[in-house]
Structures are given as C-alpha cells and as structure tokens.
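Protein chains: 2
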Amino acid sequence: MTQRTFTVAGAGPVGSLLSISLARHGYRVGLYEGRPDSRKTNIYQGKSINIALSDRGWTSLEKIGICAEAKNRAIPMYHRAVHDIDGEVTALPYGREGDAIWSVSRSGINEQLLDIADDEANITTYFEHRLVDVDFETAKASFRLGDEDELAVQPDYLFGADGAHSKVRRLAHDLPGCSHSQTVMPQCYIELNVPADSDGSHKLEKNALHIWPRKDFMLIALPNTDGTFTCTLFLNASGDPSFESLTERSAVQAFFEANFADALDCLERPIDVFMEKTAAPLFLVQVSPWSFNDKVGLIGDAAHAIVPFYGQGMNCGFEDCAELDALIAEHDHDWRRIFPAYERARKPNADAIAELSKRNFVEMSDLSGDREFRVRKKIEAKFSERFPELWTPLYSMVTFSPDVPYSEALRIGDAQDAVMERIMALPGITEDWDEQYVMDRLFGLASETFGDRK
Amino acid sequence: MTQRTFTVAGAGPVGSLLSISLARHGYRVGLYEGRPDSRKTNIYQGKSINIALSDRGWTSLEKIGICAEAKNRAIPMYHRAVHDIDGEVTALPYGREGDAIWSVSRSGINEQLLDIADDEANITTYFEHRLVDVDFETAKASFRLGDEDELAVQPDYLFGADGAHSKVRRLAHDLPGCSHSQTVMPQCYIELNVPADSDGSHKLEKNALHIWPRKDFMLIALPNTDGTFTCTLFLNASGDPSFESLTERSAVQAFFEANFADALDCLERPIDVFMEKTAAPLFLVQVSPWSFNDKVGLIGDAAHAIVPFYGQGMNCGFEDCAELDALIAEHDHDWRRIFPAYERARKPNADAIAELSKRNFVEMSDLSGDREFRVRKKIEAKFSERFPELWTPLYSMVTFSPDVPYSEALRIGDAQDAVMERIMALPGITEDWDEQYVMDRLFGLASETFGDRK
Chain C
42 MTQRTFTVAG
52 AGPVGSLLSI
62 SLARHGYRVG
72 LYEGRPDSRK
82 TNIYQGKSIN
92 IALSDRGWTS
102 LEKIGICAEA
112 KNRAIPMYHR
122 AVHDIDGEVT
132 ALPYGREGDA
142 IWSVSRSGIN
152 EQLLDIADDE
162 ANITTYFEHR
172 LVDVDFETAK
182 ASFRLGDEDE
192 LAVQPDYLFG
202 ADGAHSKVRR
212 LAHDLPGCSH
222 SQTVMPQCYI
232 ELNVPADSDG
242 SHKLEKNALH
252 IWPRKDFMLI
262 ALPNTDGTFT
272 CTLFLNASGD
282 PSFESLTERS
292 AVQAFFEANF
302 ADALDCLERP
312 IDVFMEKTAA
322 PLFLVQVSPW
332 SFNDKVGLIG
342 DAAHAIVPFY
352 GQGMNCGFED
362 CAELDALIAE
372 HDHDWRRIFP
382 AYERARKPNA
392 DAIAELSKRN
402 FVEMSDLSGD
412 REFRVRKKIE
422 AKFSERFPEL
432 WTPLYSMVTF
442 SPDVPYSEAL
452 RIGDAQDAVM
462 ERIMALPGIT
472 EDWDEQYVMD
482 RLFGLASETF
492 GDRK
Chain D
42 MTQRTFTVAG
52 AGPVGSLLSI
62 SLARHGYRVG
72 LYEGRPDSRK
82 TNIYQGKSIN
92 IALSDRGWTS
102 LEKIGICAEA
112 KNRAIPMYHR
122 AVHDIDGEVT
132 ALPYGREGDA
142 IWSVSRSGIN
152 EQLLDIADDE
162 ANITTYFEHR
172 LVDVDFETAK
182 ASFRLGDEDE
192 LAVQPDYLFG
202 ADGAHSKVRR
212 LAHDLPGCSH
222 SQTVMPQCYI
232 ELNVPADSDG
242 SHKLEKNALH
252 IWPRKDFMLI
262 ALPNTDGTFT
272 CTLFLNASGD
282 PSFESLTERS
292 AVQAFFEANF
302 ADALDCLERP
312 IDVFMEKTAA
322 PLFLVQVSPW
332 SFNDKVGLIG
342 DAAHAIVPFY
352 GQGMNCGFED
362 CAELDALIAE
372 HDHDWRRIFP
382 AYERARKPNA
392 DAIAELSKRN
402 FVEMSDLSGD
412 REFRVRKKIE
422 AKFSERFPEL
432 WTPLYSMVTF
442 SPDVPYSEAL
452 RIGDAQDAVM
462 ERIMALPGIT
472 EDWDEQYVMD
482 RLFGLASETF
492 GDRK
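Those protein sequences? They're chains C and D, same order as listed. Following my numbering, the numbering of the first sequence begins with 42 at its first residue and continues without gaps. Following my numbering, the numbering of the second sequence begins with 42 at its first residue and continues without gaps.
Hints were generated in silico from the structure; no laboratory data involved. Be careful, since some hints might not be right.
Unchecked claim - DSS-like cross-link-like pairs, simulated, lysine-lysine; straight-line CA separation at most 25 Å:
#1 D/208 x C/208
#2 D/247 x C/388
#3 D/388 x C/399
#4 D/112 x D/208
#5 C/399 x C/388
Said to hold, decoys possible - With beta-carbon atoms standing in for the labels, derived distance ranges:
#6 D/289 x C/90: 25 to 35 Å
#7 D/490 x C/482: 21 to 31 Å
#8 D/288 x C/389: 24 to 34 Å
#9 C/176 x D/490: 38 to 48 Å
#10 D/77 x C/44: 53 to 63 Å
On a predicted model such as this, the values are computed, not experimentally measured, just so you know. No residue lacks a Cβ here, since even glycine has one placed at the ideal position from N, Cα and C.
The task is simple: from the sequences and hints, build the whole structure.
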C-alpha cells in the first residue's frame, strides 16, 4: 500500500500537534500555514501572547508522546490574585494544594511543536501558503503564495486546523447539510503590558493569575518568563462604560484611575494603548458536521472556537488531537469510521466547554461576588474537602480532572447547582453556613444525587 | 424636507408588503428583485406552490390597509385529513367550529401585492436586478443587471427582504458584532402534484390539509384553486428510509406502495418525480442584530427563516411588516428609534416561532400518536372547551390568536406541558381520562398556574 497523505491547513499549536500525531501513525503530512515562520521573522513584534494550559492539555500532549519540555518553560499559577478596587489583593486558590494552571507563551509552545514537527521525516511544513479553496469531495486544496502563484495539492485527506476564522470551515458553510453559528459576546478586548522590573523580575506576584474583577468588565494579567505580564482588558463594546463610550483621553484616564489604580502603577502606557488600539471581538463558533465525505475534517478552534473565560481553548484543541490519535489506532486507519467516531466523542465536549466558557465571564468578573455567592462557595469548598468522593467543584472538574469529559463536568455542575439552590434556600443560611446541620443536609442531598457515582 | 428614500431588496410577498407600507408613510421606494416578473414570464412553469396563511397573516394585511381580496382566492382548510397506512381518513379539526387555516398560492398573493405596489405612485419596481453589495454605513447598494451592467443606488435606508438565502444578511455576517446561525434539519423535501379531476374538481377533499403521517417522514397536500393539490414529501436526508437510501426505482415504488398506497392513486408520476428531483434542504436562520447603523434592516425570512411545520413563515413576515408600520407612526419616522424598537418587538417572537416550528415536525408527522398522547390531547380539548378562559391549546394560540405574541404562546405552551405532565402521571389516567376527578384536578392545577391570566 502506498503511503497515505494528509494536508493540514494551519500550523498553530493544534495543527502542529495533529501533524506530529498523523506522521507518527505513518501518514505523509503537508502542513500549510498562511503566515511566515515566527521562528525566522519576528511576526509577533516582541509581544508575548500567553494562554492558560492545564491538566487536559498536558495529558493530551503526553498521550501523543510529546515530552513535557513545554512545561519547563511554563509558569504555574496556583491562585487568582484578586485586586479589589482599593488595591487590596486576595489570593483565591484554584484547587487543592499544588494544583496549578500554567501560563504558556503561545508562540513558544507553537515553536516547540514546529521544531518537533521538523524532526519528523513524514512532515513537510510550508509557510506563507494561504488556503484559498478546498474540494470537499476529493480533499484537493489550493494555496496562494504571495499575490499571484497558486499551488494545488491532492492529498488523501485534509484537516482544517486554521483557527477561529477557519477558511476551511467557512468554505464548508455552503455545503448542503452544514449547520453553523457564530455568537458574538457583548465584550471586546485589548491587550496591555506590564514590563519587567529593572532587574528582570516580575512587578506583580509571579505565580498567580491577576484579576481586577469589576463585574461588567475586568482586567487580567498572566506572567511571562521574561518578567513581563500580558494583560487583557475585557470591556463591553457598547453601553457605559464601553470601548464605544470611552473616546476621550481624559475619560480613559479617569476610568483607569477609578477602577485599576494599583495596576496603573505598573502598566506600560495603558492610556496610549487604549486610545491607539481597536478592540477585538470575542465570539464562539459552532459547526456541524465536523467532517465531510470522510475526506475533510475540522479540529481545534476551526471546529469550536470558544471564549477565553475558562482558559480551556487550547486544552480542548489538544484533547481533540489526543482523541483522534487514539481513534486512528482503534479503527486501524479506517477514516470512514474515524471521522464519525471523532465527532461523536468530541462534539458534545466542545459544546459543553463552549457553554461553560460563556458562563464563566460572570464568575470571573464578579469574584468578590455578593455575600450569598461567597457563602455558597465556602459551603461547597468545606463539603468537597470532607467528601471528595461526593463533590468536586465544577472548576476543578474542568481544570484538574482530565478523566471527566467537559460534557460530564457540565452535567454534574448543573446538578450541583440544583442541590446548592436547596441549601441556600434554608432559612438563616448566611449566618449558619458553618453549622453541622448544613453539612448534614448537604450530605443527604449530595448522596441522593451523586451517591451512585462512587 | 425632501422625500426620504428606501431601497427594498426582494419583491416577494414580504418585500412587496413592506414597500406598500413605506410608500403609504410617504417614502419613495425602489423595490428590487433578482428574478423576472412572474406576471410577465412564466417563471413558475405552471407549478403551484402554496403556503398556509392564517389569522396573523390576514390581520397584518388588514392593519396595513390591504383589503382581503387575497382571501377570496384562498381555500379554507378546516381540518387535517389524516390518511393512515390503510387509507383510512380521519378528520382532525384545527380549532373550534369555523376556525380555518388558508391555502394560498404563493405566486398569487405575491402578484396581488405587486399589483397594489404598482398602483402606489411612490414605488418603482425593478425586476432582474440582482443585489451584489451593500454599504452598511450608508445604505448604498449595487445591483447587477444581466451579466455585465452594474447599478449603484444611494437611498436613505435599505431593507433586506430577500428571503432565507438573503444576500443582505450574508453580507452582514462579516460586520463586527454580527451573530448568526444556520441550522439544517435532518429532513429534506420534494414537491409532488395531484392533478385536478377531468371535470376540474379536486380529487381529494378540498377544504382540508391532507397528511400522511409516518412518524419519521410524512406527505402533505394543500389544495389549489385550479383543482390540483401541491404535495410535499418530507423525508430524512440520510438513514433508512431516506433520500440517500432510496436510489433504485423499484425501492422508491415499494416505498410509496407501502406508505402512501391511497395517494399513489392520485399523485402525478410520483416515482418519476422522486427519481428526477434533487431534494431540497430545510433550515432555520437566526441573526443578530436585525439592523445596522440605523441604516440597513432585515425583515421576513431574511431575518428569521424557519421550517414550514407550523405553517407560520409568511404569517410571521407579514407581522414584521405590520409592527414596523405601527412603529413608523409611533416614532414619527425616527429610524434611530424605529430600528431598535422593531427588533425588540419582533426578535423574541421570531425566535419563538422558530422553536415551535422545529418542534412541530414531531407533532405533525406522528398525528396518530401513541395512546398516551391521544389521551392527553382529548383531556386538553375537553378542558379547553369547558374553561376557555383558562386554557387555549398551543396550536390555537399560535394559529388563531393573533393578539397572543408567539413568544407568549411558547411560554404558556411550556407551562401547559408541565401541568399536563402531572395529569398524565396520575395512576390509571389512560382509563380514567373522561372521569370528573381528572377535570377537577386539571382545574386546580390550571387555576394555580394560569388563574391570574384572566
């Protein structure tokens, strides 16, 4: 049998990882990227964009056989450092002792995976090849080089790993039977920067994700290895305050002073950046099916772009790759079975993390919360510590429990909500929350609801 | 003040009605249609496509001041004529005595509205002008005439009334902040025909909507004034049986004989038509917002294409026009207020009828239903007759109660479901359904739930 060929469109982290997995399964892979090679040209212009990677991401990399070199360059964040309006900072742990989410340089992990791909004899990577067309019957694809030249390739199969704005997906929209949606969030974002101190150290606590939660908007900061922090300001597109309403320099200055006074001391020219930059939209993408004619598939953000509020986007994309990796072996390279099995396994989970990521803006931007919300969290934390087999908080299921699929985490989380609503309806609960009878009642309800999960 | 101008893209029933409404409010309207004028060229090739119009549609036409001439050419259908697998026909009334939905020729009502538009001095209609571009900042639009010529127009405002495949909407998808979805149904459809009898009369009962409900698929027939019926076969795109699985002529013949034996006697060459035609997909479209920069709006199917299972598509589009007609007066031509008010008023209703139309396939294709379903319907009918102020069946709210918005009908329908679930959980209900205690219990629950609606 001749060696079968794959075209992978998009050499981001997911496309690179997918290519490595396919190559190691014996496929000849052409990995195509529209942009230049960031290892050779400084396309990021010195900007560090970072993302959160957690247990699902690391586990998926391991499953595909990527050693955890990337983890050595990642910064563990053990808690949220919550900056209140007066500059008071409170540490809220992410999970139990030692649990961390990791701040990873997007370009860094991408380049590490591209280096590994370069070492695979079965992979050839082409940069500055922009996908322009796909034949969904045959997987034939056309790429444009520069403004003029067009190159046609005819692989056996093609994967679109070309991100939230996926060209492969947008071409698929016109196929009969293709359902798709794009949901724009009310918030937009801009990125800001906290430079390193003169000695190269971090100006803010290094091993934390910093949040300035202000309910309708928030600022966050993730540490980079070079001593800087990459910050993101999430703010409504319209309304008051919003990117639309804040047009005067003086108003922007006043907005930062009123809401982020302590951050103003360390941010690099935030008012200038706010005035200069165009806020980027946040959107979710869903599409069905994820594959066409058993020839062309979608993976990562191309199949399921989500919003960043749960820090799970890349984790979810890497899980796609790990699932596919396992299915290739399980179905012995029969793509008529692999494509549908891949979608059956992953689509419900992608839908679930999409829903969870949307909901989490409220949780994240209102961390101080009202009294009742804080009481509820305290009861849950206490109960979970005593009866871990009955109760893992939703955040921990999503972030630290890679064996629990996202869809399962969502389902259990909703059942936990229903239980906690009954607890919070107990008279006097905000005073009595630490009393034994509350734990007893919760034990009763939780056993009834989750007792068979053991 | 100079006369303000509107471009309306799409001269279907909704675009034509909208143009009449705008013209009567004093706007100068250019009504543009990509296809030829059906009154001059036989673009329908003798085919009668009919649609269901009911109280919402008629009421909306009246509100805009269109006399009910169309109703004289429509055929009232007082009940569903349900054809079971043995050819037995049962009449299931749509509502109370005299309640009817109306079979209307799509081209007929369109041409009547175009004739009325022609009589309006403020409207100029252009056929064979295909929209190619819209500037959403200025409402400037470009149309193509034939293959070469392009015409640019610069109105004050533009409405996309260009149907489910709306070009205006698809251009809007790329605007920042535009959310949109397209949901494809598992079913596709083809149209079939029952010719008139030799004396010009109807071969089937005229004043009925005929249904051959077969659970996963169904055939329906609506009467035309010329003695024919237009039939639609709804069948899954894939699976068994499906348009995909039925590829052999003999299999198609066997499928019709097994499922539609009595229809086979009167259908015109159904097997030929099945073999020749490509099944058309059914899909729903949602988009947000419905207007852009207070310059360009969407209306009718362009804003909210739904599936045909509730017979409400054109009713909903006509309601859009009537709402807008009222808002122009209410907000005295201030489109910065009219556009948002129109969307606030209509979007929740469009979303509700979209949901209801999806759900109704199950109801319609399984009319015989299981015993429990039939018992439930009987209890509801009996209760509704005795206590009409407490209970109007969902179908009647949607179809015969134009004063109840779709969103309200959906909400009440869901609450009725919850009540009926409790009734159907009573032990022995399938035997006891006609007993007084069932009415008493339902009265108690309904009063509790809906008692404040009076």
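Outcome of the hint check:
no.: 1; hint: D/208 x C/208; in the structure: 20 Å, holds
no.: 2; hint: D/247 x C/388; in the structure: 47 Å, violated
no.: 3; hint: D/388 x C/399; in the structure: 22 Å, holds
no.: 4; hint: D/112 x D/208; in the structure: 31 Å, violated
no.: 5; hint: C/399 x C/388; in the structure: 17 Å, holds
no.: 6; hint: D/289 x C/90: 25 to 35 Å; in the structure: 57 Å, violated
no.: 7; hint: D/490 x C/482: 21 to 31 Å; in the structure: 30 Å, holds
no.: 8; hint: D/288 x C/389: 24 to 34 Å; in the structure: 32 Å, holds
no.: 9; hint: C/176 x D/490: 38 to 48 Å; in the structure: 56 Å, violated
no.: 10; hint: D/77 x C/44: 53 to 63 Å; in the structure: 54 Å, holds
The structure is inconsistent with the numbered hints 2, 4, 6, 9, although it conforms to all the rest.
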